[in-house]
Amino acid sequence: MEHGSFTNDRNASFKLPQEDHTLANAVRFVLNQDPRVVSTGYSIPHPSLECVNIQVQTTGDPAREVFKDACQELMLMNRHVRSVFEKAVADYKADEQERLKEAKEALKDQMESMDIEKNN
Amino acid sequence: MVTEEEKIFAKNFNIEDHPDVPARLPPHLELQRTRVLCKNDAPIHTSSVQYSGAYKFVGVDNSVKLESFSENFRVDVISEDGMELEFDMIGIDAAIANAFRRILLAELPTMAIEKVFVANNTSVVQDEVLAQRMGLIPIAADPRLFEYLSENDQPNEKNTIVFKLHAKCEKGEPRLKVLTKELIWLPNGSELIKESGGSTSKPRTYTSFSRSQDSFPEFANNPITPSYPDILIAKLGPGQEIELEAHAVKGIGKTHAKWSPVATAWYRMLPEVILLKEFEGEDAEKLVKACAEKVFDIEDMGNGRKKATVARPRQCTLCRECLSEEFGEPIVKPILKGEDKSKREWVDNVALRRVKNHFIFKIESTGSLPPDVLFTEAVKILEDKCERVIAVLS
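Residue numbers (UniProt numbering), protein chains in the order written: chain U, 1 to 120; chain X, 1 to 394.
Among the hints, erroneous ones may be present.
Stated by the list, open to error - Computed Cβ-Cβ distance ranges for the label pairs, DEER-style: (1) Leu37/X with Ser48/U: 37 to 43 Å; (2) Gly237/X with Lys15/U: 56 to 62 Å; (3) Asp300/X with Leu107/U: 32 to 38 Å; (4) Ser208/X with Met111/U: 57 to 63 Å; (5) Leu107/U with Asn72/X: 38 to 44 Å; (6) Asp76/X with Leu49/U: 38 to 44 Å; (7) Asp384/X with Met111/U: 26 to 32 Å; (8) Ser48/U with Phe117/X: 47 to 53 Å; (9) Lys15/U with Glu345/X: 39 to 45 Å; (10) Gly60/U with Leu66/X: 35 to 41 Å; (11) Asp214/X with Asn53/U: 35 to 41 Å; (12) Pro45/U with Ser208/X: 41 to 47 Å; (13) Ser208/X with Leu107/U: 50 to 56 Å.
Keep in mind the hints are simulated off the structure, nothing from the lab. Think of the CB as a built atom: it goes at the ideal place given N, C-alpha and C, for glycine as much as any other residue.
Build the full structure now, drawing on both the sequences and the hints.
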C-alpha cells in the first residue's frame, strides 16, 4: 500500500488497488489545497492494471498523515455536498407542490367564475 | 520598553491589513483563476489553479479549507421530473464534480439481464443478438434491494430477477412487434427444467428461490417491469416464434454499459457573456440576429434609441458568432511589405467566458432509481472510497 523510506517520511507514494481517476484526481485536488504539501500527483502505471499510485511530498509532516487527512477532508466535503443537495431537492419539491396547488386553485376559480356567467 | 499603545497595536496587527499586502488577487489574475476565456481561435486559462501556494508571491493564500468550502457551496435545482434532473452546483472544483459524474456512469449498480435461456427462436434475430438486445433493456427495480451474484452463488430470490417472454406470430397474420411489455416477471423464479441425467426425484430449475419475490414488501403490489413498456425487442414474421427466459442480476457500468443507471450524466460550466461596448441601433439588431441561441435582447432606451443586452447567457453554446469580425473593432495599422493585405485584424467587443466553479449538472435516469437518489448514492460511494483508504492507513 505505502512505499516510502524509514529515514524520511516526508515523501511517500501510495498504491490504491481497485481505484482509478475518480478517487485519485479528487484526492489530488484536496492534497494540493493543503499548505503542508509541497508536491503531489497520481499515475496509473498501466491501463490494464486496476490501481493508481498517488505520490505525496510534504514540507515536514509525515506524508501518510497528510494523505489520511486529505481523504478525511474529501469525505467531509462529500458529506456536506450530500446534505446541501438533499435539502435543495426537498425544497424544490415542496415549492413545486405549492405551485401545483396554486395552479389547481386558480383553475378552480376560473371554472367557478365561468359557471356564474352561465347562470346569468 | 513596550508601551501599552504598542501592545494593542501588536495584538491587532494583521499583515493582511497592511496597505502594501493585497488581500485579494489583482483583477487580471482573479479573472484567469475563476474564468475560462473563450477566444476566437481557442479557449484559454482552461485549467484550474489547485496548488495552495500558487499566489504566494502576491501574498494571497489559495488553499481551500473545509469551512470556506462549506460556506460557499450551493446547490440550486433547476428542474426535476422523476426521470431527469438539472441542477447548478456552485463552489466546487471540476475534480470532484467529475468524480460524481464518473461514479454515476460507471460505479452505481443497477439490475440488467445477464443470462438469456432461449427455448425457441425462429425469428430472423439470432440468439446472441437477441440476448444482447435483452441485456440493454432498462429494468425498473431498486438495485439496493438485491445482492451481487458471485461466481459460486446459486441464483436465488435475493440476487436474480426472472422474466419470461413468449411471443408468436400466427400464420396469415401481419408482422408482429415484440415489445418489452411482453416480458413477464416470474416472482417464483425460473420455470425451465434443468436437463440432468440421474436422479429423477425432483425436477430442478435454473434458479433456487426459497421464497417468492412477491412476498417482499417492496414488490407485493408493485410487480417488477422494464422501465418502458414500448421498447422494440424483435419483429416476428408469420409463423415465427420466440420463447425464452431472461435472468437479470446486479452489476455496475464499469463491467458493461447495460448496468449504467443513467442515460447520460453530464455537466457544463456556466457561460458568461459580457458586452465590452454598447451595441446601439443597427449594431444591436445585427448582434441579436447573429446569435442562434437568442442570448441577446434589445432594450428600448426611450426616444427611439435601442441597446443590446445580455438576456439569457445560460443558453450560450459558444458558437462564437458574436466574436466575428463583424462585431469587432478593426485595428488600424500600416501594412508591411510582403504582408497579406486581405488579412484583417480586430479586437472583440464581446467577451465569452465560463465560470470555473459553477457547474450545470444534468442527470437522465434510465428508470431504476430517480435521479436525485442516484446523485446522493454517487456521493455516498465516493465517501465509502475515502473511508476505505482511511481504514487501511490507520
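Verification of the supplied hints:
1. Leu37/X with Ser48/U: 37 to 43 Å: For leucine 37/X and serine 48/U the Cβ distance comes to about 39 Å; the hint holds.
2. Gly237/X with Lys15/U: 56 to 62 Å: Given a distance of about 57 Å, which is inside 56 to 62 Å, the answer is holds.
3. Asp300/X with Leu107/U: 32 to 38 Å: holds, 35 Å
4. Ser208/X with Met111/U: 57 to 63 Å: Holds, at about 59 Å.
5. Leu107/U with Asn72/X: 38 to 44 Å: For asparagine 72/X against leucine 107/U, whose Cβ atoms are near 41 Å apart, the range 38 to 44 Å holds.
6. Asp76/X with Leu49/U: 38 to 44 Å: holds, 40 Å
7. Asp384/X with Met111/U: 26 to 32 Å: Given range 26 to 32 Å: violated, Cβ gap about 53 Å.
8. Ser48/U with Phe117/X: 47 to 53 Å: violated, 33 Å
9. Lys15/U with Glu345/X: 39 to 45 Å: Taking Cβ atoms as reference, lysine 15/U and glutamate 345/X lie about 53 Å apart, which means the hint is violated.
10. Gly60/U with Leu66/X: 35 to 41 Å: The hinted range 35 to 41 Å is violated for glycine 60/U and leucine 66/X, with Cβ atoms some 22 Å apart.
11. Asp214/X with Asn53/U: 35 to 41 Å: For asparagine 53/U against aspartate 214/X, whose Cβ atoms are near 50 Å apart, the range 35 to 41 Å is violated.
12. Pro45/U with Ser208/X: 41 to 47 Å: Holds, at about 42 Å.
13. Ser208/X with Leu107/U: 50 to 56 Å: holds, 55 Å
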